[in-house]
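Engineer: Here is what each chain is made of, one letter per residue.
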Amino acid sequence: MRLNKEWTIKGIAMAVTGTILVLAGIAFAQHRNFKEEVVLGPGVTTVRTLGDYFAPLKGGPNDANVFILDSGEPGGTMLVLGASHPEEPATSLTAHLLVENATVEQGKLIVVIHSNPSASTVTRPGDAYPRFFHIETDWGIKKFRMGDRWANPLDSWPDPETYVHFPSGQLLAYMDVRNLNRTWPGRSNGSLAEQTCYAFMRLIEAEGVDIVIDLHEAELEYPIIGTIVAHQKALRIAAMASMTLTAEEFRIGMEISPLALHGLSHREIGDHSNAPALLAETPQPFLDRVRGITDESLLLTGKDEFVMKAGEFGLLYWPIDESGWPIDARVGRHCSTVLKIAEFWTLFNRSKPLVVTSVPRYADVVANGTGYFFQDPATASASKVVYE
Amino acid sequence: MKAKLGFGLLAVACVFMGTAAAQQTVDGFVIPGNLPLLKLPIVVTTCGQGPGALMFDVICDTAGIPCEERELLTVEEFVSECTGDTAWNVLVIITGTSLKGMGAAGVDVDSEVKRCLALIAAARELGVTIIVAQIEGPSRRTDESDEKSIRAMTPEADLLITRSDVNNDGYFTRIAEEKGIPQIFIEKTLDLQRLLPILFGMN
Ligand SMILES: [Zn+2]
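Protein chains in written order, with the numbering used here: chain A, 1 to 388; chain B, 1001 to 1203.
I should point out that these hints are in silico values taken from the structure, not numbers from a laboratory.
Don't take every hint at face value.
[What the hints assert, rightly or not] Pairs of lysine-lysine residues, derived as DSBU-like cross-links and limited to a Cα-Cα distance of at most 35 Å, are as follows:
1) A:K309 to B:K1039
2) A:K58 to A:K35
3) B:K1179 to A:K233
4) A:K233 to B:K1100
5) A:K233 to B:K1188
6) A:K309 to A:K142
7) A:K303 to B:K1179
8) B:K1188 to A:K352
9) B:K1148 to B:K1039
My request is simple: use the sequences and hints to build the entire structure.
Structural biologist: Structure representation (structure tokens):
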């Protein structure tokens, strides 16, 4: 009798665990296999993938799409990296919006929507991150993957005891061997993220990239926020962009890339290529440690009473009020920042102009919403739809 | 042109009113009557290795104002270069710190304050006018280091140029009143593009 009861309990426990495992597995697989639809805008001339620049990535998890918008006119070349950290969704949305809208009149614009695609196939279940988020458009709801800061362990495993950055030898946290903004300039036989950075460096060489913008978002508890971090070779562009954006559109600061901090895009790309990198940060309350419920609403509205409370106690480096930090404001900031950097690139390098048009600025994105700028894949010709 | 007229009026007002000159609004800036002597060229440094000196220098470039940016200017360099024909006539110290910037330069806020206080003492001796400026706003008034830089430099100025959005606690107004230092508020860093030509009589 007693034995029966014990087996019953064990059986139920097994069944419950099994059910949870199956449900979780389905949820993980749905997220990992979901593809975002990108409609190629009028400016896109070629779509390559990272594997075209470094063959070992071909067909693998980080064979990211590379959207090339070439005016055909001589000029400067800019590379914009979205979702180096896929848990910073305003960055991939901005890159996506550039691909669907931008036209280039002089020079060449290269856009990557998911720079570390593997990291966009996983979230932080322990932090209760949503798997997806949705943006309203004129033609319906557009669905996107939420991601993590690090490449998916399914694609990059195991992590080392300590991550020794190449080539500086600086010791970094073990999991940062999967963090695309700690593995620059990368190496051909390294971790997935290191190989991805290595491929980007080859792309920068092959395409003659003159300047790189790496888009990010940050928690309000972090001092490097609402700012442009600049490599020494791009200080004047960053200073002018920061000052004019602050005068004309929204407050944004500037930081100089520290010489001794390795693995970061704004440090290594400029040190190991001709192209200096600038990193732009917007405020994302979703990333704050003190946040409340971590759901899609927080991700999209940036409204959180606990983060606001932290602000009242002077614990934040960036202001927040009842209106939060909505996704449209964050995408708009990144759009204007990219445009302004292109403008000042052209001003300081008159022989290599880069003229980008048809991209909304901050006020346009805030007024119309991000969704307004996405095209309907259902009505686009199949040859114009690319899957991310 | 308008600014020149305004500045002329200011000068006339100063003559009529003697030393107790009245303040004047020129191109939206409230310019106090007791401005120090401002002559070019300028040398600019930061007390805390933020990007403020670079911003100041870029603005001078775009406005055609002779200015040299020297992030780690030492008192020895300052004294030796202030004796030649191209001697600097104005020392601008930008307050607010960057921890990473200081780390990269191998300095800390205390050594920065010490370096800048030595520059100030030398400037006084050489008759070089000292401008202390907070031009980056709240981003450069967030922590203890920023506060140290601001509180050490601000009272030493001959002229203060201050972003109005860092004066929420009234510190800058109070110190200017206590020490009788003329102060000009700007709303945005880029306002310097209009303000500096007015101050240096270049319009
Ligand atoms: Zn990031």
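Engineer: For every hint, state whether the structure bears it out.
Structural biologist: Comparing the hints with the structure gives:
no.: 1; hint: A:K309 to B:K1039; in the structure: 48 Å, violated
no.: 2; hint: A:K58 to A:K35; in the structure: 18 Å, holds
no.: 3; hint: B:K1179 to A:K233; in the structure: 41 Å, violated
no.: 4; hint: A:K233 to B:K1100; in the structure: 17 Å, holds
no.: 5; hint: A:K233 to B:K1188; in the structure: 25 Å, holds
no.: 6; hint: A:K309 to A:K142; in the structure: 33 Å, holds
no.: 7; hint: A:K303 to B:K1179; in the structure: 43 Å, violated
no.: 8; hint: B:K1188 to A:K352; in the structure: 30 Å, holds
no.: 9; hint: B:K1148 to B:K1039; in the structure: 29 Å, holds
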